[in-house]
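Two chains, two separate frames, one set of hints: put the complex together.
These protein sequence lines map, in sequence, to chains A and B.
Residue numbers for the first sequence follow this note's numbering, beginning at 1 and rising by one.
Residue numbers for the second sequence follow this note's numbering, beginning at 1 and rising by one.
Errors might be hidden in some of the hints.
[Claimed, not checked] Keeping only pairs whose Cα atoms sit at most 35 Å apart, straight-line, the calculated DSBU-like set for lysine-lysine is:
#1 B:Lys31 - A:Lys200
#2 B:Lys123 - A:Lys166
#3 B:Lys101 - A:Lys178
Hints in this document: simulated from the structure, not taken from any laboratory.
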Amino acid sequence: MMAFLSKFCLSVALLLLMIAFASPAAAQESYFVTYSHQMEEPGNLEIATKSVAASPKSADSFLGNALEFEYGVKAWWTTEFYLDGQSTADQSSIFTGFRWENRIRPLLQEHWINPVLYVEFEDVSADKSLLEVVGHDGVSDFSGRNDRGEKKREAELRLILSSNLKGWNFSENAIAEKNLAGDPWEFGYALGVSRPLSLKALAVSCVLCRENFTGGAELYGGLGELHSFGLRDTSHYLAPVLQWQLPGGPAMKISPGFGLNDNSHRFLFRFGISYEIEQIASRLRGR
Amino acid sequence: MSGVFRLLVFCMMALSLALATSVGDGRWQSKVPESDRVRQNPMAAEAGSIAAGAKLFRQHCASCHGSDARGRNRRPDLHSDRVRDATPGQLEWLLRNGSLKNGMPSWSRLPEPQRWQLVTFLKSIP
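Isolated chain B, as found in the complex (with noise of 0.2 Å):
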């Protein structure tokens, strides 16, 4: 059963170095169909929408992007311009796939309006 275990490990390291990519490059935005691009945040004009999202940020985002978004160990400052210049539909397209190669989760399950209030504090970071 040990050369199994070996093998199994084997496999997984391998793939790992296989798909190690850069961290940060931002080659997840090429990947951004048009259709969800142009799509517009429904939760963005609701009045705590910013607090939510501040809310959840400190639950799910903080321990890799630090409590003030500012990136730690190598998991990307969210006071960027490419954050800044993202269409709301591009972040939550971000939130709902991650960048699996990279290293960012995907948060398909939290609720859709949980990732849009997520996406209007992020577009509330200066």
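Okay, chain A solo, but in the shape it has when bound (with noise of 0.2 Å):
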């Protein structure tokens, strides 16, 4: 857990010395789990860290980290990059693999319901960052040890439909995995509604005031595989979040996630923090 968390630490350490080369931008995601239809703004680069943190009654603690890359090719197209790692009590810290993912907005233009097509691509084994909750994905799969020898090379879609109405967020995607060595496809939801705590922006710079605060939910979980679809035997959680962007810095953000039965982990700690460098080929251009 130390040497893990001694890499956590560099990681934030290197995402503040960013933080000094960098200006002030603009927040991202304010979900964990859920996709809405805001993509990287053309040019800018963010990184950020996500990390899930867990007890389970019948496996060991643990801590998942995902250091994320993302990128803003075009305005229409967000390109993202993961390196993930974990680290288990009284076992093992481990980086367990990479990701891959592109999203891309088919319609050029705002509309009541924003589609936007996501497709991954992950090579990842012992994985514990729970990006994702698929199939009949369930706390008992924690309970073996580590074990990096199960390589999993896997192909994810999400359909994403979001809409911002009234200064409120309400983005639904459906998910579809399939592991590339030949298991079914798996399936799985994630539901997400958020709000600005103030719409308005006040004339004055500020840190602790509303419109920096983003509150939310989500709800997401598994539905089964292409033979056994359904909600037998899957796992659900719901989880409020909360995000502070500090302006001119990192956006922070938490989020308590609390399972919907007993095959879901009882409780799952989630915190993030991110940083976005703007215009990072003008800026390595010196212009």
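Shown next as structure tokens:
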């Protein structure tokens, strides 16, 4: 656990270092699992960590961590690369693999409901970052020892539907995941709702004012597999989320998540910190 | 798998080339529906609206349009006849929808009152 914690602290320190070189930037996704139709601004690079800690009753406590690099290729196309790691108490701290995802907005104007297509490839083993819950995923998956031999190459597809209405965001994600080794398709869902605490901006710069906070909640879980679609033997979570965007600084978010049935972890604690480097290419060119 | 990767990258590149058009040609204006064009700015008369808009501009827009709104790296200068002549409703429409093809993001994630605060600021640019 200590080794992983020190690696985690190192990545946070790196993040803080980057902050010293960066400038004011906008808040990003206010959810952990759900995606909205918000894209990364073209030319911006966001560096973020997303962590999840849990102490399952029948398994060792763990801390899963994902270091995320998100780049806006176009205003309608965002690409993201993740490095995943985890640490399990009394076991080991390991690098578990990587993910590469792409999101595109097929409709170029704002509608009541805005679709986004999401394609992800992941190559992970013993991963505990819980960035999606699909199929019959549940707390029992966490009872074995860390086994890096069990490689999982998976493709994940999502249909993201999202609406912004009177300051609220409503997002619905339908998830399908396939182990490329041949297992059947697994399904899941994630729903999110959020709203900034104030809809108007104050005329002065402020750190603790309501406009810098966004509150919301996520509901996510598995929907079985191709041949056993449904809620049987699936796990589900309800998780309030709070995000705080420091003007000219990083955004931080926390989310206590509550398992909704016996198959779920009773409690998950997620926290994340993100920083956006604006127009990274022109910065590197010195313009 | 690397074949799938390459195919994906190729498709994305082809799509971005297909969508490339000329930035800053003002074509977005012809897409604004009449009902949006005539909308009034509810924040126009509110005290502090220009200052709030200027703050939001520094936070969200200056990286592309410059902190003086003079434009940089082929992003348009906003001290222009087009912005001066645009109705508040047209500008709010542009902020909500963006001009995704040409690299202007959509700001629909900002609450509507903040978009109007930005419009108030844009209309104050000399």
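Verification of the supplied hints:
Of the pairs offered as hints, the one joining Lys31 of chain B and Lys200 of chain A holds, with about 27 Å between alpha carbons and a cut-off of 35 Å not exceeded. For the hint pairing Lys123 of chain B with Lys166 of chain A, the CA-to-CA distance comes to about 23 Å; that is within 35 Å, so the pair holds. Of the pairs offered as hints, the one joining Lys101 of chain B and Lys178 of chain A holds, with about 32 Å between alpha carbons and a cut-off of 35 Å not exceeded.
Hint compliance for this structure: no hint is broken.
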